[in-house]
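Protein chains in written order, with our numbering: chain A, 1 to 214; chain B, 1 to 211.
Simulated from the structure, these hints should not be mistaken for lab results. Any given hint might turn out to be false.
Claimed, not checked - Simulated restraints, written as ranges between beta carbons of each label pair:
(1) B:Thr-145 - A:Glu-109: 33 to 43 Å
(2) A:Gly-150 - B:Arg-152: 46 to 56 Å
(3) A:Asn-187 - B:Tyr-87: 45 to 55 Å
(4) B:Lys-156 - A:Asn-162: 34 to 44 Å
(5) A:Ile-74 - B:Tyr-87: 18 to 28 Å
(6) A:Phe-101 - B:Lys-203: 50 to 60 Å
(7) B:Asp-51 - A:Thr-85: 12 to 22 Å
(8) A:Thr-85 - B:Asn-211: 17 to 27 Å
Each residue gets a CB set at the ideal place from its N, CA and C atoms; glycine is no exception.
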Amino acid sequence: MRKSTIPFLLINFFLVVVLSSCASNVVKGYTKVPLEKKIVAVPYFSNSDTDYVYKANISVYGNELTGIFIAKKINEATHRVVFTTEFGNKLLDFEISENDFKVNSIAEELDRKILINTLKNDFRLLLRKQYLIEEQFENTTDEVYQSREGNMYNFLFVSKTNEKQYKIVHSSRTKEKISISFDSENNIFAERVVIQHKNIKLKIELNYLQSKSN
Amino acid sequence: MQIKTYLVVFLTAVISLASFAQEQKMSVSEINSFKQSVAVVSKKIKTLSTDFVQYKHMDFLSKDIETSGKMIFKEPSLLLWQYKRPYSYSVIFKSGKILINDEGKKKSVDIGNSKMFGKINKLIVGSVSGDMFDDKEFTISYFKTKGNNITRFIPKDAKLKKYIRQIELTFDKEEATVEQVKLIESSEDYTRIVLKNKTINAKIDDSVFTN
Numbered sequence: 001m002r003k004s005t006i007p008f009l010l011i012n013f014f015l016v017v018v019l020s021s022c023a024s025n026v027v028k029g030y031t032k033v034p035l036e037k038k039i040v041a042v043p044y045f046s047n048s049d050t051d052y053v054y055k056a057n058i059s060v061y062g063n064e065l066t067g068i069f070i071a072k073k074i075n076e077a078t079h080r081v082v083f084t085t086e087f088g089n090k091l092l093d094f095e096i097s098e099n100d101f102k103v104n105s106i107a108e109e110l111d112r113k114i115l116i117n118t119l120k121n122d123f124r125l126l127l128r129k130q131y132l133i134e135e136q137f138e139n140t141t142d143e144v145y146q147s148r149e150g151n152m153y154n155f156l157f158v159s160k161t162n163e164k165q166y167k168i169v170h171s172s173r174t175k176e177k178i179s180i181s182f183d184s185e186n187n188i189f190a191e192r193v194v195i196q197h198k199n200i201k202l203k204i205e206l207n208y209l210q211s212k213s214n
Numbered sequence: 001m002q003i004k005t006y007l008v009v010f011l012t013a014v015i016s017l018a019s020f021a022q023e024q025k026m027s028v029s030e031i032n033s034f035k036q037s038v039a040v041v042s043k044k045i046k047t048l049s050t051d052f053v054q055y056k057h058m059d060f061l062s063k064d065i066e067t068s069g070k071m072i073f074k075e076p077s078l079l080l081w082q083y084k085r086p087y088s089y090s091v092i093f094k095s096g097k098i099l100i101n102d103e104g105k106k107k108s109v110d111i112g113n114s115k116m117f118g119k120i121n122k123l124i125v126g127s128v129s130g131d132m133f134d135d136k137e138f139t140i141s142y143f144k145t146k147g148n149n150i151t152r153f154i155p156k157d158a159k160l161k162k163y164i165r166q167i168e169l170t171f172d173k174e175e176a177t178v179e180q181v182k183l184i185e186s187s188e189d190y191t192r193i194v195l196k197n198k199t200i201n202a203k204i205d206d207s208v209f210t211n
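Produce the complete structure using the sequences and hints provided.
So, in structure tokens, the structure goes:
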């Protein structure tokens, strides 16, 4: 009994050491620095007066799907997210917050649990207004803020030159799962957003349709 | 200032009430003569081209999403639906195929004898030409206002009904042609398409319908 326990403990210890040293795979080459702030806000979908309307190109395992992506903050915690065809018919309609999720409607062809869950996670990451920060890193060009979410991590990349948040990476201890990149002129509204999955062949590109003043 | 606001609200309410009141059900004889005049016009249509502005209305948005472009139809079943603003995206219905051009990215989808797409094609052409008084497919009701005739179509097909609860066509009374198409999805959401600069029977080359 005792004989088998010791190697087991050793392996466990070894795993913990190895895994924690891999925690920052995404920030490999970056230097850990003292934490400057505990909360980092993401502005790109946070204004409840703005209709966020984008032309969407989704490529999934070689198939292309296009349409219009619409997001709107409908109360302090919740966003409404709708995807329509170019002709205007609705393919999906979600209400999404950090803790709740509701499908208002979904086209029969898209009504698959795995797809709904993937989009739910993507949109949640995209629409989240702020992150609690536990570690901070930097290199010559970027500040990187690490936030923890259960056993997953989110890394927020901010350019030092123009202070723009240009990327969020959702990652496990060792592997990058999703990266969301933002192109923004004014650091408030993103003209272009790309959601790129690393473990499945899924990429969602959003290019804005309407003026941000709408 | 406040009185002014009240006045505006009051006037708006009165005007909208008035426009409701203006809409009347057609009588049986009116329906027959209206259907006949639409049939006469749509029978004459060999080609049709029109500009359109599409307003996607969703109740939770502060503003409708506006897109615009051109639609061209040629007998018997060639159809181009082309968005030009704010993006370029076109769809061509052509002998069992849908040709899509998305900002230069081209794609062709074989629809073969898909009944659903057949219906959609018929629906688009019917909506624009006005010739869709098919009692088998729709429950139809007829209304009139001062300048327009309005028809409302409720699909009978359960599958189609899932996407479109009701189609509303607004006709110019004089010309008996369609001015506006409204596709109603739910009580809160609809797509309104306004047709402008209609040209009937101009010469249109088949090459227009190539991707």
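Each hint, compared with the structure:
One distance hint, 33 to 43 Å for the beta-carbon pair Thr-145 of chain B and Glu-109 of chain A, holds here, with the actual separation near 39 Å. Distance hint check for Gly-150 of chain A and Arg-152 of chain B: the Cβ-Cβ separation is about 52 Å, which falls inside the suggested range of 46 to 56 Å. Range check, Asn-187 of chain A to Tyr-87 of chain B: about 25 Å between beta-carbon atoms, so the 45 to 55 Å window is missed. For the hinted restraint 34 to 44 Å between Lys-156 of chain B and Asn-162 of chain A, the CB-CB distance of approximately 58 Å leaves it violated.
In this structure the supplied range 18 to 28 Å holds for Ile-74 of chain A paired with Tyr-87 of chain B, their Cβ-Cβ distance being about 26 Å. Taken as a hint, the range 50 to 60 Å holds for the pair Phe-101 of chain A and Lys-203 of chain B, whose Cβ atoms sit roughly 54 Å apart. Checked against the given bound of 12 to 22 Å, the beta carbons of Asp-51 of chain B and Thr-85 of chain A, roughly 20 Å apart, stay inside it. Between Thr-85 of chain A and Asn-211 of chain B the C-beta distance comes to about 18 Å, which sits within the given range of 17 to 27 Å.
Hints 3, 4 from the list above are not met by this structure, while the remaining hints are.
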